[in-house]
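Protein chains: 2
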Amino acid sequence: MKVTHIKDILPVSMDNDQVKNVNGRLLVGKEDGATNFCMRYFEIEKQGHTPMHTHDWEHEIFVHSGTGEVFIEGKWHPLTQGSAALVPSGVEHQFRNISDEVFIFLCMIPSGAPEL
Amino acid sequence: MKVTHIKDILPVSMDNDQVKNVNGRLLVGKEDGATNFCMRYFEIEKQGHTPMHTHDWEHEIFVHSGTGEVFIEGKWHPLTQGSAALVPSGVEHQFRNISDEVFIFLCMIPSGAPEL
Numbered sequence: 001m002k003v004t005h006i007k008d009i010l011p012v013s014m015d016n017d018q019v020k021n022v023n024g025r026l027l028v029g030k031e032d033g034a035t036n037f038c039m040r041y042f043e044i045e046k047q048g049h050t051p052m053h054t055h056d057w058e059h060e061i062f063v064h065s066g067t068g069e070v071f072i073e074g075k076w077h078p079l080t081q082g083s084a085a086l087v088p089s090g091v092e093h094q095f096r097n098i099s100d101e102v103f104i105f106l107c108m109i110p111s112g113a114p115e116l
Numbered sequence: 001m002k003v004t005h006i007k008d009i010l011p012v013s014m015d016n017d018q019v020k021n022v023n024g025r026l027l028v029g030k031e032d033g034a035t036n037f038c039m040r041y042f043e044i045e046k047q048g049h050t051p052m053h054t055h056d057w058e059h060e061i062f063v064h065s066g067t068g069e070v071f072i073e074g075k076w077h078p079l080t081q082g083s084a085a086l087v088p089s090g091v092e093h094q095f096r097n098i099s100d101e102v103f104i105f106l107c108m109i110p111s112g113a114p115e116l
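Same order as they appear, the protein sequences are chains L and W. Residues 1 to 116, numbered by the working numbering, are exactly what the first sequence covers, in order. Residues 1 to 116, numbered by the working numbering, are exactly what the second sequence covers, in order.
Source of the hints: derived by calculation from the structure; they are not laboratory data. Note that the structure is a prediction, hence the values are computed from the model and not measured. Be aware that a few hints might be false.
Output of the computed footprint for chain L on chain W, the stretches with three or more beta carbons under 8 Å from beta carbons of chain L [unchecked claim]:
| # | segment |
| --- | --- |
| 1 | 11 to 23 |
| 2 | 26 to 33 |
| 3 | 36 to 45 |
| 4 | 68 to 77 |
| 5 | 82 to 94 |
| 6 | 103 to 110 |
List time: in silico EDC-like cross-link candidates among lysine to aspartate or glutamate, alpha-carbon distance up to 20 Å [to be verified]:
| # | chain 1 | residue 1 | chain 2 | residue 2 |
| --- | --- | --- | --- | --- |
| 7 | L | Lys7 | L | Glu45 |
| 8 | W | Lys7 | L | Glu69 |
| 9 | W | Lys46 | W | Glu101 |
| 10 | L | Lys2 | W | Glu101 |
| 11 | W | Lys7 | W | Glu73 |
| 12 | W | Lys75 | L | Asp32 |
| 13 | L | Lys7 | L | Glu115 |
| 14 | W | Lys2 | W | Asp17 |
| 15 | W | Lys2 | L | Asp32 |
| 16 | W | Lys46 | W | Glu31 |
| 17 | W | Lys7 | W | Asp32 |
| 18 | W | Lys30 | W | Asp8 |
| 19 | L | Lys7 | W | Glu69 |
| 20 | L | Lys75 | L | Glu115 |
| 21 | W | Lys7 | W | Glu45 |
| 22 | W | Lys2 | L | Glu92 |
| 23 | L | Lys30 | W | Asp56 |
| 24 | L | Lys2 | W | Glu92 |
| 25 | L | Lys2 | W | Asp56 |
| 26 | W | Lys30 | L | Glu45 |
| 27 | L | Lys46 | L | Glu115 |
| 28 | L | Lys2 | L | Glu45 |
| 29 | L | Lys30 | L | Glu69 |
| 30 | W | Lys46 | W | Asp8 |
| 31 | L | Lys75 | W | Asp32 |
| 32 | W | Lys2 | L | Glu73 |
| 33 | L | Lys7 | L | Glu101 |
| 34 | W | Lys2 | W | Glu92 |
| 35 | W | Lys2 | L | Asp56 |
| 36 | L | Lys2 | W | Glu73 |
Far from chain W by the CB rule (all over 10 Å, computed), these chain L residues [said to hold, decoys possible]:
| # | residue |
| --- | --- |
| 37 | Pro11 |
| 38 | Ser83 |
| 39 | Pro114 |
| 40 | Leu116 |
Even for Gly, the Cβ is constructed at its ideal location relative to N, Cα and C.
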């Protein structure tokens, strides 16, 4: 079992040519005994974004707070607190913040994919 | 792909001998093409709780808002906004609200388990 809190997990900062102003935290993963899927927590700061990329595993995401967009299948879709999305395997996608506040979402992936 | 919002999904109310003051929503499931795991959204109203039960699949949960507790391995653990937990397969567990406000959490399960 595991009971934790985001304040007790150090974030990993991501900032390069592909990713801007993103912090990620692994909340539950294979080291905790999660054998089927893994739960991550992402904060995208103002003007930040994840990479535009494609991979052979899906995302299930839920917006905890803030306002952003997800690019799937050639267009941008709005995301607000309470939004949820499935990005299927093999589909090009990107997440971005479109407000001045931090855009925060959970992102679950199947086991076997890189956890963070 | 799927992009949705909690306001666009009708909740299922649960209230019986085992479950009190709980609403559940299936956010992403197998009908959406999610083959590995499923994402649900639960609201537990004041004095509400899920059943004390055991089953052969795990939960990964994240607290969206409110204050509650989870019973795992014989004791209650506090949960606040930003808490996350893994309830392993085969372990007796229960969630309950301990405040006057709604306690809201996401609960992910592997595919094959009952979705709601």
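Results for each hint:
1. 11 to 23: With 0 residues closer than 8 Å to chain L, the segment 11 to 23 of chain W misses the three-residue bar; violated.
2. 26 to 33: holds (count 4)
3. 36 to 45: It holds, with 4 qualifying residues against the three required.
4. 68 to 77: holds (count 4)
5. 82 to 94: That given contact holds, which follows from 8 residues of the segment 82 to 94 of chain W lying within Cβ reach (below 8 Å) of chain L.
6. 103 to 110: holds (count 3)
7. L/Lys7 - L/Glu45: Holds. L/Lys7 to L/Glu45 sits at ~17 Å (cutoff 20 Å).
8. W/Lys7 - L/Glu69: holds, 18 Å
9. W/Lys46 - W/Glu101: Roughly 6 Å separates the two Cα atoms, so the pair holds.
10. L/Lys2 - W/Glu101: violated, 25 Å
11. W/Lys7 - W/Glu73: violated, 35 Å
12. W/Lys75 - L/Asp32: holds, 19 Å
13. L/Lys7 - L/Glu115: holds, 19 Å
14. W/Lys2 - W/Asp17: violated, 35 Å
15. W/Lys2 - L/Asp32: Measuring from Cα to Cα gives roughly 29 Å; hence the hint is violated.
16. W/Lys46 - W/Glu31: violated, 32 Å
17. W/Lys7 - W/Asp32: holds, 18 Å
18. W/Lys30 - W/Asp8: Within the cut-off at roughly 18 Å; holds.
19. L/Lys7 - W/Glu69: holds, 18 Å
20. L/Lys75 - L/Glu115: Answer violated: L/Lys75 to L/Glu115 is near 26 Å, above 20 Å.
21. W/Lys7 - W/Glu45: It holds: about 17 Å lies between the C-alpha atoms, which stays within 20 Å.
22. W/Lys2 - L/Glu92: holds, 14 Å
23. L/Lys30 - W/Asp56: holds, 18 Å
24. L/Lys2 - W/Glu92: Status holds; Cα separation ~14 Å.
25. L/Lys2 - W/Asp56: Measuring from Cα to Cα gives roughly 17 Å; hence the hint holds.
26. W/Lys30 - L/Glu45: Answer violated: W/Lys30 to L/Glu45 is near 32 Å, above 20 Å.
27. L/Lys46 - L/Glu115: violated, 24 Å
28. L/Lys2 - L/Glu45: violated, 28 Å
29. L/Lys30 - L/Glu69: violated, 29 Å
30. W/Lys46 - W/Asp8: Given that 20 Å is the threshold and the Cα spacing comes to 23 Å, the pair is violated.
31. L/Lys75 - W/Asp32: holds, 19 Å
32. W/Lys2 - L/Glu73: holds, 11 Å
33. L/Lys7 - L/Glu101: Holds: L/Lys7 and L/Glu101 sit about 19 Å apart, inside 20 Å.
34. W/Lys2 - W/Glu92: violated, 33 Å
35. W/Lys2 - L/Asp56: holds, 17 Å
36. L/Lys2 - W/Glu73: holds, 11 Å
37. Pro11: holds, 12 Å
38. Ser83: violated, 5 Å
39. Pro114: holds, 15 Å
40. Leu116: holds, 14 Å
In the structure shown, a violation is registered for the earlier hints numbered 1, 10, 11, 14, 15, 16, 20, 26, 27, 28, 29, 30, 34 and 38, in ascending order.
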